[in-house]
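2 protein chains.
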Amino acid sequence: MTILSVPLGDRSYDVHIGTLTAEETAERLAEAMGNPSGVAVLVDEHVAEVSPRVAPLLAALAARLPCVRMFRLPRGESAKNLAAVERTCQWLAESGYDRGSVIVGVGGGAATDHAGFVAAIYLRGIAFALCPTTLLAAVDASVGGKTGVDIPAGKNLVGAFHQPCVVAADLGFLGTLPGRAIAAGMAEVVKAGLVADAELFASLEAILGPALGPERLPAAVARAVRVKIDVVSEDERERGRRAILNFGHTFGHAVEAASGYELLHGEAVSLGMLAALALGEARGVTVPGLAARTRGLLAKLGLPVDVKARVSPAVLDRMEVDKKRRSDKVRFVFVPRPGEAVLHDIPLAELKQELQSAI
Amino acid sequence: MTILSVPLGDRSYDVHIGTLTAEETAERLAEAMGNPSGVAVLVDEHVAEVSPRVAPLLAALAARLPCVRMFRLPRGESAKNLAAVERTCQWLAESGYDRGSVIVGVGGGAATDHAGFVAAIYLRGIAFALCPTTLLAAVDASVGGKTGVDIPAGKNLVGAFHQPCVVAADLGFLGTLPGRAIAAGMAEVVKAGLVADAELFASLEAILGPALGPERLPAAVARAVRVKIDVVSEDERERGRRAILNFGHTFGHAVEAASGYELLHGEAVSLGMLAALALGEARGVTVPGLAARTRGLLAKLGLPVDVKARVSPAVLDRMEVDKKRRSDKVRFVFVPRPGEAVLHDIPLAELKQELQSAI
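Protein sequences, first through last, are from chains Z and U. Residue numbering for the first sequence follows the numbering used here, starting at 1 and increasing by one per position. Residue numbering for the second sequence follows the numbering used here, starting at 360 and increasing by one per position.
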């Protein structure tokens with residue numbers, strides 16, 4: 001097991017990564033919670049149904065902590081709206097959870113975003129812990145304190161910065177994940193390498209097979225989480241450097257939305273990174289050939305790379321409501337070479353035009 | 360005009376109180392906002408309809424700031440739910456308001472709670488300013504950074520702590536308020552005197568008429584706001600002393616809910632304060648006779664004082680979901696004598712029993 005510490009002053013917390021037993025997970029959570037008045041475990045209903053790891057986790061928590069009860073969240077993205085948030089809050093209130101209670105979010109990124117946002121606003125904020133069950137959630141959603149849900153106008157347009165008290169990423173949960181979801185998670189691992197860890201990127205390129213075996217996955221996940229922690233602890237509220245984590249996300253979010261969310265987030269980020277690298281090469285910001293290398297790596301991991309086929313005026317127009325936009329400029333992330341990222345503010349119209357010709 | 364400063368480190372802000380012209384209000388807001396990318400003015404639809412002060416305010420803001428647009432919030436309490444919050448956020452996104460934009464909330468406590476909560480969660484938090492238009496909002500809702508809305512299980516069960524960048528309380532807005540709403544606001548002024556300002560309480564007792572004339576009202580409002588600022592700046596997140604502001608609210612919220620919200624908040628607080636004083640006298644915590652004195656004052660102000668007729672097991676049971684409750688105890692506020700408050704943790708069952716016999 002790897003333990004990474006997120007240094008955020010009096011809101012610092014640990015991230016535990018590895019194949020954890022239910023007892024180990026419960027022990028870590030109980031330690032971080034101190035003396036809660038109750039523990040509300042919010043579990044993605046699909047995870048609750050298919051994963052053999054949920055019941056033992058609940059039992060192990062109940063053996064250590066008071067008032068442990070489970071609430072099933074709507075599956076995946078259907079948890080990411082205010083109506084679902086209201087239902088969860090209603091259940092918390094009816095169940096008597098108070099300011100001394102702690103929420104545990106169990107599931108993928110949608111469940112952890114939902115759980116964190118509920119914790120941020122229920123009774124104006126209570127503590128929470130996260131148990132990510134997908135690769136994407138483990139490397140991305142569970143660290144950084146960004147919580148939130150969607151509104152019709154766009155994804156993650158409402159939310160809060162709220163840090164968990166502990167994250168326990170039991171990679172055993174990945175056993176019930178389809179290969180497509182694993183691949184999508186790997187996109188964020190590749191992103192971490194590209195923006196801040198050249199060695200991680202090189203080690204991924206060195207892999208021959210289509211996925212990391214169980215012996216190498218935990219180390220790669222831990223490295224990707226390390227990147228995120230380093231960036232987030234420098235810039236918790238995304239005022240500056242944290243924006244580099246949005247590499248591939250400006251176009252990625254647009255193509256994800258345009259697909260009607262048929263594309264998984266990681267798949268969209270795969271396309272978004274390739275678009276950003278192509279644009280970088282066209283502008284002379286990115287070292288020539290990096291787009292092709294990355295394309296090879298992403299294809300090998302089973303991720304979509306047909307960015308040319310995906311670009312269209314409709315997709316580019318989706319970038320308008322990107323919340324990173326200030327006024328008429330987009331803060332766009334470029335990777336000059338693996339392990340390095342820079343931010344350029346580009347007028348939206350210019351960006352659209354350049355993307356269309358660069359891709 | 361009185362200017363009170365709320366000292367909260369880098370989130371400090373000023374509260375301007377008086378009969379302000381639209382130009383004065385707009386000037387204060389523009390100064391505090393700096394250089395926003397846009398200004399979204401959320402106005403209670405009833406205020407927008409009846410108050411002659413809204414149109415000049417919008418014009419004065421538009422003369423100084425970019426992209427000033429108005430959105431009408433559902434009237435009063437009907438703005439206090441997540442569905443209404445989602446509609447406002449949707450409008451903000453569709454209108455292109457971004458992280459550099461500022462929200463202005465114009466209305467009573469429901470509108471200011473709604474506006475502040477929207478500002479807390481839209482794009483994970485943007486800046487906001489408040490223009491309270493009721494006496495209650497001026498003395499209570501606009502200071503302290505508590506924002507939030509209701510869910511079916513109870514009032515204010517979801518929300519956030521989020522401080523405005525400025526508050527401009529133009530008491531000219533009170534001109535279109537019914538007398539009942541003015542009286543309800545006075546309940547919070549009386550509360551401020553009772554918990555922390557003996558002189559204010561004495562000056563209110565000295566008044567002969569049923570309400571404060573326009574020449575004395577601004578001073579009383581400013582004193583009540585001063586009390587709130589002092590307490591809030593000591594304890595922003597309500598971990599200790601801030602709880603004294605809940606004087607009269609434990610029973611008050613219960614009786615307000617039990618009335619189906621036919622009682623105004625201030626009317627319910629009037630009853631709640633009398634219940635708390637009666638309980639204090641029965642316990643020997645409160646100086647004998649203070650309940651009767653306060654009853655006389657509240658009755659003179661036109662507030663309901665028939666607390667005996669209002670208490671019932673159903674009302675007392677409503678205290679269960681009070682979010683100030685930790686585990687099975689209620690943190691109850693007593694006033695030993697005017698200007699002084701203490702907190703006692705009382706088991707809920709004991710509290711119910713004592714209240715029933717003390718009232």
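FYI, nobody ran anything at the bench for these hints, they're computed from the structure. Keep in mind that this is a model prediction, so the values were computed, not measured. Do not rely on the hints blindly, as some may be mistaken.
[What the hints assert, rightly or not] If you want the footprint, here are the derived chain U segments under chain Z, 3+ residues with CB under 8 Å:
1. 532-544
2. 625-637
[To be verified] Simulated restraints on C-beta separations:
3. U:Asp704 - Z:Asp328: 49 to 57 Å
4. U:Ala414 - Z:Glu262: 45 to 53 Å
5. U:Ala658 - Z:Cys67: 42 to 50 Å
Ideal placement from N, C-alpha and C gives every residue a C-beta, glycine not left out.
Task: Given coverage of the stretch 625-637 of chain U by chain Z, tested with a Cβ cutoff of 8 Å and a minimum of 3 residues - done: It is violated, with 0 qualifying residues against the three required.
Open item on the list: If you count the residues of the stretch 532-544 of chain U with a beta-carbon closer than 8 Å to a beta-carbon of chain Z, do you get 3 or more?
Closed with: The restraint on the stretch 532-544 of chain U is violated, since only 0 of its residues have a Cβ under 8 Å from chain Z and three are required.
Open item on the list: Given the hint of 42 to 50 Å, is the C-beta distance from alanine 658 (chain U) to cysteine 67 (chain Z) inside that range or not?
Closed with: 44 Å, holds
Task: Range hint compliance [Cβ, aspartate 704 (chain U) to aspartate 328 (chain Z), 49 to 57 Å] - done: 55 Å, holds
- [ ] Return holds or violated for the Cβ distance of alanine 414 (chain U) and glutamate 262 (chain Z) against the range 45 to 53 Å.
- [x] 48 Å, holds
Figure legend: structure checked against the earlier numbered hints; hints not met, in rising order: 1 and 2.
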